[in-house]
Amino acid sequence: MKNSTLTILLIALLICTLSIISIFSSTYQRDSQAWQNIYQRQILWVFLGAVLFLILANINYRRFWDWTYLLYVISISFLVLVFLLGSVRLGAQRWLRFGWFNFQPSELAKICIVIFLARYFSRKDTHSVSSLTEKYGFLRALLLPLLFVALPMGLIIEQPDLGTGLIIFFLFISVLFLSNAKLKYILTFLGLILTLTPFAWHFLRDYQKDRLMVFLNPNIDPLGAGYTVIQSKIAIGSGGFFGKGWLSGTQSQLRFLPEAHTDFIFATFSEEWGLLGALVLLFLYYILIRRGFLIAQRTSDHFGRLLALGVSLMLSIQVIINIAMNMGFAPIVGIPLPLMSYGGSSVFVTFISLGILANIDKSRAVF
Amino acid sequence: MTRIRITIWAIGLTFLLLLAGLFNLEVIHGRVFKGLGERNCIRLLSQRGSRGKIIDRNGVVIAGSRMSYDLMLTPQEYPLPQESIARITRVLGKNQKEAAKALERKYPLFSMPVTIVSNLDLKEAVALGQLRLEFPYIAVWDNPVRSYPYSRAACHILGYLGQIDRWRLTKLEDYGYKTKDVVGFGGIEEKYDFYLRDEEGGVSFQVDHRGSMVRTLGFKPPVNGKDVQLTIDIKLQKIVEEAFAERKGAAVIMNPYTGEVMALTSSPGFSPEFFIREDNSLVSRIFNDPAAPLINRAIGGVYPAGSIFKLVVAIAALENKKINRISSFLCQGSLRVGKQDFKCWDTHGQQNIISAIAQSCNVFFYRLGLLVGAQIIHDYATKLGFAHSTGIDLPYEKQGFIPSPLLRKLSTLKGWFDGDTANLSIGQSEVLVTPLQVARMMSVFANGGYLVTPYITKSIDGKGLDRYRKKPEKLNFKQENIDIIKEGLRGTVSYQGGTGSVLSGLKVEVAGKTGTAQAPPKQSHAWFCGFFPFKEPRFVICVLLENGGPGYNSCLIAKKIIEEMLIQGLI
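From first to last, the protein sequence lines stand for chains A and B. Just so you know, we're using this note's numbering here: the first sequence kicks off at 1 and counts up by one. Just so you know, we're using this note's numbering here: the second sequence kicks off at 368 and counts up by one.
Watch out, some of these pointers could steer you wrong.
Said to hold, decoys possible - Derived pair list, reagent style SDA-like, types lysine to any residue, alpha-carbon separation capped at 25 Å:
#1 233/A <-> 402/B
#2 927/B <-> 890/B
#3 889/B <-> 693/B
#4 233/A <-> 395/B
#5 401/B <-> 255/A
Said to hold, decoys possible - To list a few chain B residues with every Cβ distance to chain A over 10 Å, as calculated:
#6 370
#7 456
#8 489
#9 509
#10 534
#11 688
#12 704
#13 710
#14 714
#15 774
#16 836
#17 839
#18 845
Simulated from the structure, these hints should not be mistaken for lab results. In this text, a Cβ means the ideal position worked out from N, Cα and C, and glycines have one as well.
Pulled out of the complex, with its shape left as it was, chain A reads as follows:
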């Protein structure tokens, strides 16, 4: 059973290697030493992440059942703290400073909400296979958990970080779907959301509206909001089949592509490694996600299964939205590519989630 742990760690580390290579490439031409050394920091994050992974893989995931509400409260208080003390970067208040480490509480909130949802929709009795949700009425199946989810989601969207907020919302819907909630409820709920969307438009910030408009037609404002999409598409497209080669991507290195080492690292990577490289990367992500679902499928514990599903879903939603946004298929929202984008919080949370996943598979035999 150690197998799963090793496979997951191996795939994750492989992706991280590609990440470090790309981060190095996108920053080595910068003037300042601090920028050039950014890849070293990522190596540190990955190393610490791997340690976290191994720790989590050895903590019985059932303990999270007991810690759920504690974790929930902790993440909410961090989000509130961000509001009060957070540092403002790129026009958003998303980070908390811990000494030399900038921590992004919304990343932590994601995993906490996954744990919360898994707990909410399952029962402690491991022997019962039947799901609770099927018996729940509208109120308990939908409204109550929605209130729990809406609180952190609202706080995150107010940062403003529409992307992470939307991911949490997606997570909620998909966990609802996977925990066998009545389809009727889900559809009603979605219908309600759709009718409310036009009103939501007014609550969006101007830059968010711009981005949505630009997503529909990037040529409206090629030097303003559309610039990033166009440059990102150029970066990916100019890679061709074999790519331009490592350290030879002009788009990322000459800084035509903004955020080349964070949100748009996929474009940086594709420019230098081409379709071939992107194929490898997508394959690695796919088998990682597939592994997650596999673990969920063979876990009989209801909480464990929902947790595994939640983690896998969280991963796949982020990967898909980020890559789609790099290619201009999705509006630009600040979502990092897990394990690829530069950033400690994202790396840590991803490794923690994978650690939980590994432990679910490991603990399976115990029950």
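Chain A is fixed; fit chain B onto it per the hints.
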């Protein structure tokens, strides 16, 4: 379980969609995006070579090239800092507000160095160059431009330079011409633009997102254009131009044996320099001038030939044996043809061919023309090179026109009357000729019966063009007939009543023919065409004064020219 399956399938499908999207971006549209990527980061800063020089027959530069200095700014930030604007305008001595506005307008948001002010003089260039110490984005760039050491001299031969127009661009695109290229308009600059033009070189370099240079990718040195040597003697050209003193007209001086043009002028002239300076008010003044200074009247202006045309009638009659040396007609001041009286300008009495040429007797030639017939006159005129272009290597040459009974019938279905023949005989009617055509005709008599093809280019890039020239064409006139006409031509100058007797006092024997071509309602055009020295002709000269009165006026100009040539020892 089924819901998990559905989710797994959905995720797998999305991954496939992403892959398809990637394939579309990177493989199907890869080339387009690659091009866009290169356009993003590769910049080309062009460097011009100098245009080929145009030199005269002795190697004196008529159109050369000098350095011009341009003020360039490499945009770094926007807007342009006020302080540097102030400093730049102070050096240029311009109104600060206006200049600042102009600077702002040309100052772009992105990357490439832009020319803000061009054609600085050396002092300004040095002063601005020093500003570079304080404002590193200022640069003074040197750039070869045309210079004209003789200012307006030979302007029509040279032509002028300007930005390529759409019509020329569509024609020349295949030869590597691009928009905004500077090309020749008119004259040698246009005719031999392909040789004169320089090959653009430049530096290509990589820039980052802010447009500052990262590294140089390549350098191609510019290649200078090839020099063109003319057959013009600039000293002679100056003499001729000064003789005109801005009166409307044209003159040609040509070697009668080879057809090499030694001076060719059209008046009024223009300053080709104005087109370089891109001073719109000066240029538009040239374009709107009613005197049409841009037209090269020597080859592009057509005028009635007047009495000059009598030589055509004379040679036609002699060659067709209608008359001989001693045949004579009586001039009583006019001749009745049909129902109309055709006047002579004087009453000459008994005239033979020689005195008729010398005194330009109209009545003699009315009779002679009627004797020969209009169609034959037309044929001889064409033989002598009228009604088609001479083939000189200058653009925009006009063909002129010689009427004939046949042509009139074909084109207007009207009849031809004897009156028309009489008119044709003295070069009126619809006869239209260019000064160069007249000079070419005169060469035939000067050189003993050869029709030459005039040319003005001696060599290109040091290589002679003799191989490509048309040989003089023998017209098979009888030597004795030519001699008779030559005698008449000499008589014009040497006889007491000769129309060109004003030229008799010169130290060189001149022969020629005057012409006073009616151009109602304006004043008549004054012609003089001749050759000298009479015994061994070395120069054919043709002078035309547009609306300049009687032919006598042109004789005065010719006299001035020949006198000056004698003084400067050019003969």
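Evaluation of the provided hints:
| no. | hint | in the structure |
| --- | --- | --- |
| 1 | 233/A <-> 402/B | holds, 12 Å |
| 2 | 927/B <-> 890/B | holds, 22 Å |
| 3 | 889/B <-> 693/B | violated, 38 Å |
| 4 | 233/A <-> 395/B | holds, 13 Å |
| 5 | 401/B <-> 255/A | holds, 16 Å |
| 6 | 370 | violated, 5 Å |
| 7 | 456 | holds, 30 Å |
| 8 | 489 | holds, 38 Å |
| 9 | 509 | holds, 29 Å |
| 10 | 534 | holds, 34 Å |
| 11 | 688 | holds, 85 Å |
| 12 | 704 | holds, 80 Å |
| 13 | 710 | holds, 80 Å |
| 14 | 714 | holds, 88 Å |
| 15 | 774 | holds, 63 Å |
| 16 | 836 | holds, 55 Å |
| 17 | 839 | holds, 65 Å |
| 18 | 845 | holds, 81 Å |
When each numbered hint is compared with the structure, violations occur for hints 3, 6.
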